[in-house]
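Participant: Residues per chain, in single letters:
There are 2 protein chains.
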Amino acid sequence: MLKTTTKLLVASALVAGLSTAAFAKDKVYKWKLATTWGSTLSPFIDAPTNMAKLAKEMSNGRLDIRVDAANKHKAPLGILDMVKGGQYEMGHSASYYWKGKDINTLPFTTMPFGMTAPEQYAWFYYGGGLELMQKAYKRHKVLSFPGGNSGNQMGGWFRKEINSLDDLKGLKMRIPGFAGEVLAKLGVTVTNIAPGELYTSLERGTIDALEWVSPSMDVNMGFHKIAPYYYTGWHEPATELQFLVNERQFKRLPKDLQKILITAMRVAAYDMYIQNYHMNAVAWAKIATDYPNVKIKTLPKNVINAMKKANDELLVEKAKESPLIKEVLKSQKEYLKKAREWTKMADYKYLEDNL
Amino acid sequence: MLKTTTKLLVASALVAGLSTAAFAKDKVYKWKLATTWGSTLSPFIDAPTNMAKLAKEMSNGRLDIRVDAANKHKAPLGILDMVKGGQYEMGHSASYYWKGKDINTLPFTTMPFGMTAPEQYAWFYYGGGLELMQKAYKRHKVLSFPGGNSGNQMGGWFRKEINSLDDLKGLKMRIPGFAGEVLAKLGVTVTNIAPGELYTSLERGTIDALEWVSPSMDVNMGFHKIAPYYYTGWHEPATELQFLVNERQFKRLPKDLQKILITAMRVAAYDMYIQNYHMNAVAWAKIATDYPNVKIKTLPKNVINAMKKANDELLVEKAKESPLIKEVLKSQKEYLKKAREWTKMADYKYLEDNL
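Protein sequences appear in the order of chains A and B.
The first sequence begins at 20 in my numbering and counts up one residue at a time.
The second sequence begins at 20 in my numbering and counts up one residue at a time.
I should point out that these hints are in silico values taken from the structure, not numbers from a laboratory.
There may be inaccurate statements among the hints.
Remember, identical chains collapse to one label, so a pair may be satisfied in a single copy or spanning two.
Stated by the list, open to error - Calculated lysine to aspartate or glutamate pairs in the EDC-like style (CA-CA distance at most 20 Å, straight line):
| no. | residue 1 | residue 2 |
| --- | --- | --- |
| 1 | 244 | 222 |
| 2 | 314 | 372 |
| 3 | 349 | 309 |
| 4 | 179 | 222 |
| 5 | 357 | 309 |
| 6 | 320 | 336 |
| 7 | 305 | 353 |
| 8 | 274 | 76 |
| 9 | 118 | 336 |
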């Protein structure tokens, strides 16, 4: 009996060791992610939702991330603070929302007259952009990753045609952020209005024009019913959202879960770019069919040139605000120059013959 | 003693059960992947290499895929057969290589005058393309997935300028596949020459022109040293490579490893598109600096139109070969029409003002 018991003891000890390891490996990390977006704001909300689903499936349930939309946490523009403070392990938002808090975070979403989506992804992943973004968020002890690209955003809905620089003077337009600063320099009265009041404001003439996103998200707002001119974009050629991760929490994850999380974020970001490409194509086909009077317009060349000049002047000012933003803007400018030459001889020339 | 022994027995049985589960979960799947590419053919070879690395890291070593380059297995164009036959669990190649074996596999790589990379990814993932590709490979008992996009490929290196349709007549050009069929209809003498002999053939005038890939991969071939005209592309606007997976082997993987594999393939594919965008920008900057006499040319409008007509005629013929290819070509045509409207008002209009 003793012999058997000893065997059992040894076996038990051995297997107990194994099972401890198995338990450690099976530890479930329950995380929470806060987004800036409402629970129905597709495709923005789909990026974190798809990311969380992928992470859970790939980890066999060991990395379980709950996504809280803005309607739940009520702090759509408090994402960086909540991730930094640890109330949420992760966030999903757009970096340029924190420009008032930390100017260095401005250039990682998109810049007027800047890179297109493939150019910008190339900059992030192969041209040093991601390293610069991590550098900008380092002081917040937050890791940051590309979180999904909207592609080219439209210039907005206008009730009157813009034929000259004079037409911009006194024009009342809802256009937030850096693009608003550019237009303000050209005499536009830039206002900000809550999303829920935009339609009525445009309909009643409280504003003459507004910028929202692109057909995929504009279609549900209904602006095409009351504004006949849909201007092509110049101000957000490739709006990249961001995933934010509390650095301390990230370091606590086992190596395989870190890799699963990083990969899930990366693929969800790319997917959102492609999803929105699809949604834009479908939504525009619908608008064009239902409202054939909507006209696609491009701002006149001299207006574009004046906006570029205003933009360049603003960039010179921004570059003075910190050595890091200066470094980032320089890196973007140099990369854009090189990448655009390729875009020109590849996709642009191809499209010229295939419109 | 009995009591303790019983306890031990129970504990042992319990823990043995656990450890069996733990062992099952820890089972390592050792797979092999065969690629069409040589071990140094970047970025094509990077897609399967990066995919395998990611799968291994995310699975904590449980999914271990060895990548065999063509120099190892010596059957660069035998990938479908080897995956189908089970010698390799996976392959990485380009679907259009099997058009002689199964015409239905032709349209999933790229088509002349077809979709650009974001349009085509949107078609694959949100427009029904992936389902159609799975349908085409079903009879081979092989699963197929996007495997990395080259982006727009250049039209090729020419020693003489093409100013008219007459200049195409009797022109000796190396251009394989469907694009070669299009040019043959316009009087081009289409030849195929082994890669290692291309440079000498072009230098000695055995051929007048050749198509390879784009700056990233052309730069190492040195064609820019001997051919002054670099024509923009029309024939491969978005060459998507493919991952192939033996269906029976895939089904043997646990659910989490299946998800890890699918995600690793998906992100590696997107990454290759972006990597090549970067490599093209860098390589073109180098060619343009070192060889300032190289001229970017676009074929004259009437030549393009004649090629489009020849292409349309060929597509009508191909569509007759099987109900499935007819369905796929129709799906692509309809999707392209819708997606191109968006491309035109978004990236194309933006680039027009920002070249």
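Participant: Run the structure past the numbered hints and jot down the numbers of the failing ones, going up.
Facilitator: The structure breaks hints 3 and 6; every other hint is satisfied.
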